[in-house]
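Given only the sequences and the hints, what does the whole structure look like? Please build it.
Chain residues, written in single-letter form:
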Amino acid sequence: MAGEAGRGVKIRIKDVKKEYHGDHGTTIALNGVNLDIMENEFVCVVGPSGCGKSTLLNVLAGLHEATSGDCFLDGERIVGTDVKRGVVFQQYALFPWQTVIQNVMFGPQMKRMPKAQCQEIARKYIRMVGLEDFENSYPKELSGGMKQRVAIARAYANDPEVLLMDEPFGALDAQTRAQLQTELLKTWEQEKKTCFFITHDVDEAVLLAQRVVIMSARPGRIKRIVDIDIPYPRDQGTKSDPRFMELKAEIWNEVYQEYLEVRK
Amino acid sequence: MSKQAKRPLTQAEKRNRLISWGWLMVSLAAALVVWFCLSIGEKTGRSFPFIPSVIAGMKTMLDRDALLGDFASSMISVAMGFGLGFVTALPVAFLMAWYTPVRKIIEPWINFIRNIPALAYAPLIVIMLGVGRAPSVVLIWICTFMTMCITIFHGIRNIDNTLVKAAKVLGANDMDIFFRITLPATVPFILTAVRLGLSAGLTTLLAAESTGAQAGLGMRIRTLQTTFETNAMLGYIILIGIIGTLLNTFVDVIERRLTSWQEKREEA
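Going down the list, the protein sequences come from chains A and B.
The numbering used here puts the first residue of the first sequence at 1, with every later residue one more than the last.
The numbering used here puts the first residue of the second sequence at 1, with every later residue one more than the last.
Keep in mind that the hints were calculated from the coordinates and are not lab data.
Here a beta-carbon is modelled for each residue, glycine too, at the ideal position from N, C-alpha and C.
Keep in mind that the hints are not guaranteed to be accurate.
Claimed, not checked - Once the Cα atoms are required to be at most 20 Å apart in a straight line, the calculated EDC-like pairs of lysine to aspartate or glutamate come out as: (1) A:K115 / B:D176; (2) A:K193 / A:E183; (3) A:K193 / A:D74; (4) A:K223 / A:D235; (5) A:K124 / A:D74; (6) A:K192 / A:D74; (7) A:K223 / A:E261; (8) A:K193 / A:D235; (9) A:K84 / B:D176; (10) A:K124 / A:D201; (11) A:K84 / B:D174; (12) B:K165 / A:D201; (13) A:K124 / A:E135; (14) B:K165 / A:D82; (15) A:K140 / B:E263; (16) A:K264 / A:E254; (17) A:K111 / A:E65; (18) A:K111 / B:E255; (19) A:K248 / A:D201; (20) A:K223 / A:E250; (21) A:K192 / A:E135; (22) A:K193 / A:D159; (23) A:K140 / B:D160; (24) B:K165 / A:D159; (25) A:K223 / A:E189; (26) A:K111 / B:D176; (27) A:K186 / A:E250; (28) A:K140 / B:E255; (29) A:K186 / A:D159; (30) B:K165 / A:E161.
As the list claims (entries may be wrong) - Listed below are several chain B residues computed to face chain A (Cβ distance under 10 Å; list not exhaustive): (31) N158; (32) I181; (33) A185; (34) V187; (35) R256; (36) E263.
Said to hold, decoys possible - Residues from chain A that keep clear of chain B, each with C-beta distances beyond 12 Å, as calculated: (37) P160; (38) Q210; (39) P219; (40) Y256.
See below:
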């Protein structure tokens, strides 16, 4: 399966269709979605709300089943959840009755590793997100940004091959969001993982991704894929790069058209 | 959690604690004033004698060797009825939450029976089980079961599904999810259920001991009624209230220990 430049296809999404049967008839959330994501690639998905981007993430996570079509990880069909595919949710989804370290240890513990080793792994990733002073705090004592850092550490501690992120910074204020974007970029450059990142923030998508996937709504389809040819390392300064602004304007226009389409 | 409890109180917390004690005293004083006013009225005084007469009345009951027996008997009935109610409500609530047919069959009847005063069907239980402790226990069991079952069931249904999803993607199997997510997430609702269940147990006491009981606080209140001994009667009524308050405080303490992780609701 080796592709160009020695990189293989990590995730293959093939003809995925997803229907929901509700009280008001059937809704087609996704239709004919095809996408290949390379090993260690950072892909962002943007689109108006209701375009099925979260549905696509849930299908990849194995939390929802596609009505037809298949997804593959390393050529293997995706069925159900798996520790190879880590997920970061918008609502943090931390276990409120567990401390920070207990939350981060959860994944290793599920692998039935000895407790000392779980703690060691957890501490490593808590340090990575800079929360070593809050190891024994409960989620209620943390700010939104800190909670999401814990969620990211928790996902990393399980050493997934793929990180699926569902608008992880969507609920944060602008400054915290910028800070977490920078941190995520740094982490990804240090410890490469295949990232599938959903956002409605075009700025965020262009800053983070190697490719931005634009989705159109009703039914959710892939409208266009834009290569972001801005070299890494990137940081908040990248946002004033002329190429950044050009790409951002281009993608923003496309997304806005889709938004108007939905409003019609 | 324990780390927080041992932390010395801040100045503001000390002040808040003092203020809430102050209000409690004001509330108590107001109640005493109302009580006293009732006791000096010609008609109201017959029903609401003041503290010295109530104490004298309780003393008489103690001398008659009734009070301690009544107290013990009622507590045993409530403990047994509540215990049975709890151990049955917990699994039934989980079954209702997990299996729709179970819920569809049971829930309407719980809601139907819950609205009927226990006093109404108490005689049926006595006719069925005969006099003695058994009907009291069964009646308390029924009432506490219904209250706790519905409360726990709604609690389980309200568990944030994202937490279950998060556990799944981290590799948790069904067992892990039950013991590490569902159960801890349900604890606050189980404690609320315990609180409501204990209260239901006490309020059912009168109905439970209305027919055929040999002793008990509820049974005694009814017999004292026939002899117009309102001083002892009022004493017994207040005693039930005190027991309820103490049990409630006890649940509060457990709640603080077990669920301090919860996001605090702002107190007005």
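Hint-by-hint comparison with the structure:
1. As the CA atoms of K115 of chain A and D176 of chain B are separated by approximately 16 Å, the hinted pair is consistent with the 20 Å bound.
2. For the proposed pair K193 of chain A and E183 of chain A, the alpha carbon gap of about 14 Å is at most 20 Å, so the pair holds.
3. Under the criterion of a C-alpha separation no larger than 20 Å, the hint pairing K193 of chain A with D74 of chain A is consistent with the structure, at around 14 Å.
4. Taking the CA atoms of K223 of chain A and D235 of chain A, the gap is about 28 Å. The hint is violated against a cut of 20 Å.
5. For the hint pairing K124 of chain A with D74 of chain A, the CA-to-CA distance comes to about 28 Å; that exceeds 20 Å, so the pair is violated.
6. Simply put, K192 of chain A and D74 of chain A have alpha-carbon atoms about 16 Å apart, close enough for the 20 Å limit, and the pair holds.
7. At most 20 Å may separate the alpha-carbon atoms for a hinted pair to count; K223 of chain A and E261 of chain A meet this at roughly 13 Å.
8. Distance hint between K193 of chain A and D235 of chain A is fulfilled; the C-alpha atoms sit about 18 Å from each other, no more than 20 Å.
9. Taking the CA atoms of K84 of chain A and D176 of chain B, the gap is near 18 Å; set against the 20 Å cutoff, the hint holds.
10. Distance restraint check for K124 of chain A and D201 of chain A: the Cα-Cα separation of roughly 30 Å exceeds the 20 Å cut-off, and the hinted pair is therefore not satisfied.
11. Distance hint between K84 of chain A and D174 of chain B is fulfilled; the C-alpha atoms sit about 18 Å from each other, no more than 20 Å.
12. For the hint linking K165 of chain B to D201 of chain A, the alpha-carbon distance of about 25 Å lies beyond 20 Å, and the restraint is violated.
13. Our distance criterion of 20 Å between C-alpha atoms is met by K124 of chain A and E135 of chain A, whose separation comes to about 11 Å.
14. Of the supplied pair hints, the one linking K165 of chain B and D82 of chain A holds, its CA atoms being roughly 11 Å apart against a limit of 20 Å.
15. Restraint check: the Cα-Cα separation between K140 of chain A and E263 of chain B comes to about 5 Å, which is no more than 20 Å; the hinted pair holds.
16. A C-alpha spacing of about 16 Å is found between K264 of chain A and E254 of chain A, which places the hinted pair at or below 20 Å, so the restraint holds.
17. Using a Cα cut-off of 20 Å, the hinted pair K111 of chain A and E65 of chain A is violated, with the two alpha carbons roughly 24 Å apart.
18. With a C-alpha separation of about 32 Å, the suggested pair K111 of chain A and E255 of chain B falls outside the 20 Å cut-off, and the hint is violated.
19. The suggested pairing of K248 of chain A with D201 of chain A holds, with an alpha-carbon distance near 10 Å, which does not exceed 20 Å.
20. Between K223 of chain A and E250 of chain A, the direct Cα distance comes to roughly 13 Å. Compliance with the 20 Å bound is thereby established for this hinted pair.
21. This hinted pair does not check out: K192 of chain A and E135 of chain A have alpha carbons roughly 25 Å apart, beyond 20 Å.
22. With a CA separation close to 9 Å, the supplied pair K193 of chain A and D159 of chain A stays within the 20 Å bound.
23. Among the hinted pairs, K140 of chain A with D160 of chain B is consistent with the structure: their alpha-carbon atoms are about 15 Å apart, no more than 20 Å.
24. Between K165 of chain B and D159 of chain A the alpha-carbon distance is near 18 Å, which keeps this suggested pair within the 20 Å criterion.
25. Proposed proximity of K223 of chain A and E189 of chain A is contradicted: the alpha carbons are some 28 Å apart, above 20 Å.
26. Restraint check for K111 of chain A and D176 of chain B: satisfied, since their Cα atoms lie roughly 11 Å apart, inside the 20 Å limit.
27. Between K186 of chain A and E250 of chain A the CA atoms are separated by roughly 26 Å; this puts the pair beyond 20 Å, and the hint is violated.
28. The suggested pairing of K140 of chain A with E255 of chain B holds, with an alpha-carbon distance near 17 Å, which does not exceed 20 Å.
29. Distance check on the hinted pair: K186 of chain A and D159 of chain A sit about 17 Å apart at the alpha-carbon level, within 20 Å; holds.
30. Distance hint between K165 of chain B and E161 of chain A is fulfilled; the C-alpha atoms sit about 18 Å from each other, no more than 20 Å.
31. Because the beta carbon of N158 of chain B sits about 14 Å from the nearest beta carbon in chain A, more than 10 Å, this interface hint is broken.
32. For I181 of chain B, the interface hint holds, since its Cβ comes within 10 Å of a Cβ in chain A; the closest pair sits about 7 Å apart.
33. At its closest, the beta carbon of A185 of chain B sits 8 Å from a beta carbon of chain A; the interface hint therefore holds under the 10 Å criterion.
34. The beta carbon of V187 of chain B comes within 8 Å of a beta carbon in chain A, closer than 10 Å, and the hint placing it at the interface holds.
35. Given the 10 Å rule on beta carbons, the hint for R256 of chain B is violated: about 14 Å separates it from the nearest Cβ of chain A.
36. The interface hint given for E263 of chain B is met, as the beta carbon of that residue sits about 5 Å from the closest beta carbon of chain A, less than 10 Å.
37. The beta carbon of P160 of chain A sits about 9 Å from the closest Cβ of chain B, which is not more than 12 Å, so the claim that it is off the interface is violated.
38. Every C-beta of chain B lies more than 12 Å from that of Q210 of chain A, the closest at about 24 Å, which supports listing it as non-interface.
39. Every C-beta of chain B lies more than 12 Å from that of P219 of chain A, the closest at about 24 Å, which supports listing it as non-interface.
40. Against chain B, the non-interface label of Y256 of chain A holds: every CB pair exceeds 12 Å, the least being about 30 Å.
Figure legend: structure checked against the earlier numbered hints; hints not met, in rising order: 4, 5, 10, 12, 17, 18, 21, 25, 27, 31, 35 and 37.
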